[in-house]
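Number of protein chains: 2
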Amino acid sequence: MPAPAELLKWIDASSDAFIARLAEAVAIPSISGDPAFRPHVLRMSDWVNAQLQAVGVTTKQVDLGTHVMDGQTLPLPKAVLGRIGNDPAKKTVLLYGHFDVQPASKSDGWETEPFVLTEEKDGRLVGRGSSDDKGPVLGWIGVLQWHHETQTPLPVNLVICFEGMEENGSEGLDELVEREKDGWFKGVDCMCISDNYWLNTRTPVLTYGLRGLVYFKINVSGPGRDLHSGVFGRTVHEPMTDLIALMGRLVTPAGDILVPGVDDMVGAADAEELALYEKLDYAVADVEAAAGGKIALSEDKVEVLMGRMRLPSLSLHGIEGAFAGPGAKTVIPAKVGGKFSIRLVPPQTPASVTPLVTSYLESEFAKLGSKNKLEVELLHDGKPWVADWRHWNYTAAMEATKQIYNKTPDLTREGGSIPVTLTFAETLGVNVLLLPMGRGDDGAHSTNEKLDKSNFIQGTKLLGSYLYEVGASKGGK
Amino acid sequence: MPAPAELLKWIDASSDAFIARLAEAVAIPSISGDPAFRPHVLRMSDWVNAQLQAVGVTTKQVDLGTHVMDGQTLPLPKAVLGRIGNDPAKKTVLLYGHFDVQPASKSDGWETEPFVLTEEKDGRLVGRGSSDDKGPVLGWIGVLQWHHETQTPLPVNLVICFEGMEENGSEGLDELVEREKDGWFKGVDCMCISDNYWLNTRTPVLTYGLRGLVYFKINVSGPGRDLHSGVFGRTVHEPMTDLIALMGRLVTPAGDILVPGVDDMVGAADAEELALYEKLDYAVADVEAAAGGKIALSEDKVEVLMGRMRLPSLSLHGIEGAFAGPGAKTVIPAKVGGKFSIRLVPPQTPASVTPLVTSYLESEFAKLGSKNKLEVELLHDGKPWVADWRHWNYTAAMEATKQIYNKTPDLTREGGSIPVTLTFAETLGVNVLLLPMGRGDDGAHSTNEKLDKSNFIQGTKLLGSYLYEVGASKGGK
Chain A
1 MPAPAELLKW IDASSDAFIA RLAEAVAIPS ISGDPAFRPH VLRMSDWVNA QLQAVGVTTK
61 QVDLGTHVMD GQTLPLPKAV LGRIGNDPAK KTVLLYGHFD VQPASKSDGW ETEPFVLTEE
121 KDGRLVGRGS SDDKGPVLGW IGVLQWHHET QTPLPVNLVI CFEGMEENGS EGLDELVERE
181 KDGWFKGVDC MCISDNYWLN TRTPVLTYGL RGLVYFKINV SGPGRDLHSG VFGRTVHEPM
241 TDLIALMGRL VTPAGDILVP GVDDMVGAAD AEELALYEKL DYAVADVEAA AGGKIALSED
301 KVEVLMGRMR LPSLSLHGIE GAFAGPGAKT VIPAKVGGKF SIRLVPPQTP ASVTPLVTSY
361 LESEFAKLGS KNKLEVELLH DGKPWVADWR HWNYTAAMEA TKQIYNKTPD LTREGGSIPV
421 TLTFAETLGV NVLLLPMGRG DDGAHSTNEK LDKSNFIQGT KLLGSYLYEV GASKGGK
Chain B
1 MPAPAELLKW IDASSDAFIA RLAEAVAIPS ISGDPAFRPH VLRMSDWVNA QLQAVGVTTK
61 QVDLGTHVMD GQTLPLPKAV LGRIGNDPAK KTVLLYGHFD VQPASKSDGW ETEPFVLTEE
121 KDGRLVGRGS SDDKGPVLGW IGVLQWHHET QTPLPVNLVI CFEGMEENGS EGLDELVERE
181 KDGWFKGVDC MCISDNYWLN TRTPVLTYGL RGLVYFKINV SGPGRDLHSG VFGRTVHEPM
241 TDLIALMGRL VTPAGDILVP GVDDMVGAAD AEELALYEKL DYAVADVEAA AGGKIALSED
301 KVEVLMGRMR LPSLSLHGIE GAFAGPGAKT VIPAKVGGKF SIRLVPPQTP ASVTPLVTSY
361 LESEFAKLGS KNKLEVELLH DGKPWVADWR HWNYTAAMEA TKQIYNKTPD LTREGGSIPV
421 TLTFAETLGV NVLLLPMGRG DDGAHSTNEK LDKSNFIQGT KLLGSYLYEV GASKGGK
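Residue numbers (this note's numbering), protein chains in the order written: chain A, 1 to 477; chain B, 1 to 477.
The following block holds chain A by itself, in its conformation from the complex:
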């Protein structure tokens, strides 16, 4: 069952009002990662709560307590839970979104004021949070507004969870989901998250997988303090020499992971899976355009796509404690911490990969014959997630996409991580769909973040249509 034509027409007719509402949301600089902006994140929670209430949603703002950031104890922004509809004959869909944003300031290189939504002639709506994730949140609210104003019943029951700490580790959310599993989230049949991006600028996607992550710090120490390389060069074991030797044994320039067993965990793709990648609307030129350089690891599109979607990757990020400034300081740093991370794919988990990494580093360090000390620290981890894209939840989204975009969406897996996806999938035991609104070049965490007006308007229609397709689906329930 497609969405009512009146809804789609109304969305088209409401574009100015939608953009004005998005401007209002963008104007609240709800940066969750900067203590100075915390009051704005709290205010943003109230704003979102009021918007939901105005379109007929029953809400509850949940106090998530406090946390410590940069030495300050700060109140966490309240999560906004919502419910509308309670018809046992209808499916219940859980929607997730977030109303906090990444830091942004003109001095970072923004061409416009980041917290003033600016509509460019080419239709780009430029502003921090436009695409990540205020646009999609307001897309859902737009759909609800029409139903509320026209007193049209929704095709499904909705449960809503909008949070304000997504850009900072979703602090407090895991506990909330666990706590409300049989409370606010009871009876949920499937879930939809609109918080990622198309693979390119042309073709809508449904995303069914995300990589996990283990993030390590290799600490090497020895001297009691930083030493002068003139005085101590070639007299002592230098921590940097040992660390660089270890970091150089983790990954090849071609991207192969040298930690024994890690790459081996992932089986090869069969013909059916290879065909999936072959079909995607994607060229090596797309990755090179996005990277800003002709540096793809392969000329073969399927290989490049699999490197991003179905293989683990190891990146070296940098070194804490070494000399990082400009100029020529002749220091032997006393204690250095090399940072690297591995993106994980099923069946890898942090629990299965971490011991391989640790024991490999320890055995390689032993080979160096150094008198320095090694400590391997796991800073951060998250499991990978892959959903069943043959589920009716995906079928509904696929139908909706065909109606709105007149295209079959690409089925993709993402290279990055959205840990909350796994939390919901595992805790509630439901199929989760990622249904993005924005394009691959939106620059979510970058300067000049934008959401194209057509993606905002068509994307809002898509979210509405998706609910109708779920409502009509014969699967489940």
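It is possible that part of the hints are untrue.
Copies of one chain are not kept apart here, so a pair can be met inside one copy or by any two copies together.
Simulated crosslink set (PhoX-like; lysine-lysine; CA at most 20 angstroms straight-line) [to be verified]: (1) K60 x K90; (2) K373 x K453; (3) K186 x K90; (4) K371 x K9; (5) K383 x K329; (6) K121 x K453; (7) K371 x K301; (8) K279 x K407; (9) K407 x K367; (10) K294 x K373.
Because the hints were derived from the structure by calculation, they are not lab data.
Fit chain B to the supplied structure of chain A, relying on the hints for placement.
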């Protein structure tokens, strides 16, 4: 000819006055590396000039022009040139010292106010510049004061060059030396610099060699901007992977330099030279105490000493452009610059070593098969210096040391660089002696810099005695 007993007695009797004068000098925070402190460096030049005039020295303050630091054009502190005595029958000794200091602030971990000279119970005179190099400069002035007050003629003619930019590359000094080669510095027979340290805390040293330096930056670039490791991991050539691979091929954990040809340039030590090192008052425990960790490359004292004094060394300092902060940022840095330096010893020169390094890095990079770009940059260089320690200038200093300390000094080479030494040696064509006043644990560039009272007083006697020994020497002239 030993120094007059009256001079030595007077120096002992003047210790309170000497310490008071050192306190006055330390109280002027003449930090040359911080634009905000430049007025104090200028003031320090005037203070030193006045001190020299007060003890009968004819002086000239030389304007060295301006330079740019942190985007500001700043006046360079005037060098203070001095002359006293013009007897053609006497030798002419050139003295060098500097009156600027390293940065210091309580918040760096100083136990006392860095610019308030604090005399501790154990005799340590704690304060920034106490040992490096205001103490030695005031040592010379103390010697001159007695001759001035007692109207005793000096045993030699003196030419003095005190500068205020030593801690910041001795800006303007090379040009000054070149300009005054046949002017103010005409007729100089030998030179003495008191601006380094004993090897340990027990035995005085004469230093006859310094290592040179080539400081490189390996730039690897590829992406147009920093990338997200989730999105781009295993799809593109990552500059950090390439850079770490290159940095890992420069030096072994045991200190051997892997750049072909570099270690080979230096011949092995013969039995006579080995005996020199064997004789030095130095234990592996000394280097480990100074380094603050049991991390010496060898248990053999001669090997450790040769590593510091007669072998080149390669240290990895850090990476510019990579992630260096705390936390777990999942970035693929777009452009990274790996910093390392090689300390050089004769017959190595920057001109002979640099092409070896560059072509090695280029050929190793080619082996990586990366699509990123490599650029090898030489940031900074200086030739090594070794003087003839059989010269009468050294013999005089050796005699003076025996008289004052009742010990034969250790003959050492330093691992570090004092580029101005080579400038004077090459431009004026004279034998240069490094005759340190302070101990190996003075912490010249560190927190809680100190000069032991006994080193200040005995060291002042040593400088005076040295002049008498030079005056009586039958060598040269």
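Hint by hint, here is what the structure shows:
For the identical chains of this complex, K60 and K90 are neighbours neither inside a copy (22 angstroms) nor across copies (96 angstroms), given an alpha-carbon limit of 20 angstroms. For the homomeric pair K373 and K453, neither the shortest alpha-carbon distance inside one copy (55 angstroms) nor that between copies (38 angstroms) is at most 20 angstroms. In the homo-oligomer, the alpha carbons of K186 and K90 lie at most 20 angstroms apart inside one protomer (14 angstroms), although the nearest pairing across protomers, at 102 angstroms, exceeds that limit. For a Cα distance limit of 20 angstroms, the shortest separation of K371 from K9 qualifies neither inside one copy, at 73 angstroms, nor across copies, at 49 angstroms.
Proximity of K383 to K329 under the C-alpha cut-off of 20 angstroms is restricted to the inter-copy arrangement: shortest distance 17 angstroms between copies versus 40 angstroms within a copy. In this assembly of identical chains, the alpha carbons of K121 and K453 lie at most 20 angstroms apart only when taken from the same copy (10 angstroms versus 75 angstroms across copies). Only between protomers do K371 and K301 lie at most 20 angstroms apart by alpha-carbon distance; the minimum there is 17 angstroms, versus 46 angstroms within a single protomer. Taking the shortest Cα distances, K279 and K407 sit within 20 angstroms of each other inside one copy (13 angstroms), while across copies they are farther apart (85 angstroms).
For the identical chains of this complex, K407 and K367 are neighbours neither inside a copy (56 angstroms) nor across copies (45 angstroms), given an alpha-carbon limit of 20 angstroms. Only between protomers do K294 and K373 lie at most 20 angstroms apart by alpha-carbon distance; the minimum there is 11 angstroms, versus 40 angstroms within a single protomer.
This entry does not satisfy hints 1, 2, 4 and 9, going by the numbered hints stated previously.
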